[in-house]
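Peer 1: Residue numbers (the numbering used here), protein chains in the order written: chain Z, 1 to 330; chain V, 1001 to 1272.
Careful: at least some of the hints might be erroneous.
In silico negatives: residues of chain V with every beta carbon more than 12 Å from chain Z [stated by the list, open to error]:
hint, residue
1, L1051
2, I1087
3, V1227
4, A1235
For the chain V half of the interface with chain Z, some residues (derived, Cβ under 10 Å), not all of them [as the list claims (entries may be wrong)]:
hint, residue
5, F1058
6, A1067
7, F1134
8, A1135
9, I1138
10, T1141
11, A1142
12, S1194
13, P1195
For the record, the hints were derived by calculation from the structure and aren't laboratory data. Built from N, CA and C at the ideal position, the CB exists for glycine as well.
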Amino acid sequence: MKLLRRRSVLFGAAAVSAALMLGSAGAQAQAKVRVALGDVLSTETLSMIIALERAKEKGVDYQVTHFSKEDLAIQAVINGQADLGVGTPYAVVQKSKAPLRVLFQGTRLVFFPVADKSYKTWKDMNGQPIAFHARATGTEAIGNIIAKREGIQFGERSYVPGSENRIIGMMKGQIKATIVDLANKNLLLEKAGDRFHVLPGVSEPASDETLFGRTDWISKNEKQVDVIVTEFLRLWQEMAANPAIVEQERVKRKLMADQPKEVLEGITKFYTLATKEGVYAPAGGSAEVAKADFEFYTEAGQLQGPAGELKVEDFWYLAPLERARKALGS
Amino acid sequence: MQISELAPALPALREAPARRWRDLLIHPLVLRLLSFAAVLALWEYAGRIPLSPAFPTFLETLGGLGAIMADGTLFKAFLITLHPLVIGLTASILCGIALGVLMGLHEPSEWLFAPIFVIAQAAPLAALIPILTFAYGIGLTAKVMTVCIMAMPVIVLNTLGAVRNTPKSLLEMGSSFLATRSQSIRLIILPAASPMIFAGLRLGCAAAFIGVILAELLITPTGIGDVISYNQSVADYPKMYAAILSIIVFSVLFIELLERIEVTLFRPEARP
């Protein structure tokens, strides 16, 4: 009996110490800013990771979780499993009143309409089939805006996720016209430039990936938010001046070390083109950017308009970005 | 009736309404309705807390269901979803029963085919879908194959078990009456195996529903899978949950119908 009692005391002590250890591990993990990214670490998302790495050097440690879809990253932030997220949360903010605010415009929807050369202008596309990424996504919104501008109507719309899959479809002759990203537009023109060409797109692209967070977390962690937003803005400005900075920083931090040589060699080329085409806008966002996004996403069907009545402060929290601008003297 | 007779009968008479209430409360239909009501009430409560801003209440979901039914989205989506489901299920039933019977009657065939189906049944389908898309692309074939991979193993293995477990006494009776091989298959083995084969069909249909929705969510969004993923991407969660609810209800009703048929045809003892 005595033995049994002693054992139970020992067991109890072990349980308490285990709980304490777990608790402290939890507290340590909590100290890191948890970032939800709806993508893998790739050339396109590398700059965001570098900005986070720089923030870490300034004392704001982070932990990134990669999700297969942007929607999952948004859900992770809503439900408190992540503090910041990367994605476009406009629809969630409006429709389910999720307490999220955009902090920084990471990338813009720089997409290019590509078509078979038999379609010389947009007018020839009237009534013709076209492929988009998925329903109510950026590519379809760009298509809708162009159709309105040109006074045409597309024929049958098909949906093929991934620009890389759509250009394969084009080269195989299954798709005659679509809208693809910068890298795949270049690849298509390189491989089959004799058969396809680029049609005029939209001039002011909307936000694609933004940095956003939950309002309650942002208000409790203003300092951390300021450091992160400042590092994003600093890197975006540096990229505009010197796109090779991304590759230099990658080498210094040994990021993406498991990627093949071809991918790593293409990084500077990608950032040179991407900054030139405006994928990474150095301003990081503003009230005007937000309003342009409202116009675009209302057209896409993600936001319910009229766009003119949507308030910037319901979707964006611009104070950290303004403070970052002041800090960087821009 | 004399007073002396009435006295013992009184408590029983007094208890009669109470018993009637108790009988009504434990009636299967009432209990089932109560079970549904409890789950739906919990759902409504969880939505009102709210559990998450992305979790709609039951009433909001009903509103969403009304909206997608009114504009015809739901019916169009069901037609598209049923396409691979019907093709895959028909192929699974025909091939599955034929293969199962063959394996049950012919042992070498069992050694040849059974491992494939045992593995297919145990394999996590979501992990196989990328392989299927490599082999069959992103069209109808890949979705039909997903349905088959989900439904066929259950049907085949149940049929095999049913044929193999024909009561020995019945087979011995057949031999005593000098039945030929084809007669004992037609008149003894298949009728004896039918109830279990049918139970396998029911399980196979349930698996096929899972397969088709997985395919629509993971390969290319079409039909109900498209309604779910589209409404998720535009954050219209009541409609998204309504689409999920509708496919669950449809699947449950379909399986219930199959069970009714099974009871009517093969299980007279289970009839009410």
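Peer 1: Evaluate each hint against the coordinates.
Peer 2: Here is what the structure says about each hint:
| no. | hint | verdict |
| --- | --- | --- |
| 1 | L1051 | violated, 9 Å |
| 2 | I1087 | holds, 21 Å |
| 3 | V1227 | violated, 10 Å |
| 4 | A1235 | violated, 4 Å |
| 5 | F1058 | violated, 16 Å |
| 6 | A1067 | violated, 13 Å |
| 7 | F1134 | violated, 13 Å |
| 8 | A1135 | violated, 16 Å |
| 9 | I1138 | holds, 8 Å |
| 10 | T1141 | violated, 15 Å |
| 11 | A1142 | violated, 14 Å |
| 12 | S1194 | violated, 44 Å |
| 13 | P1195 | violated, 43 Å |
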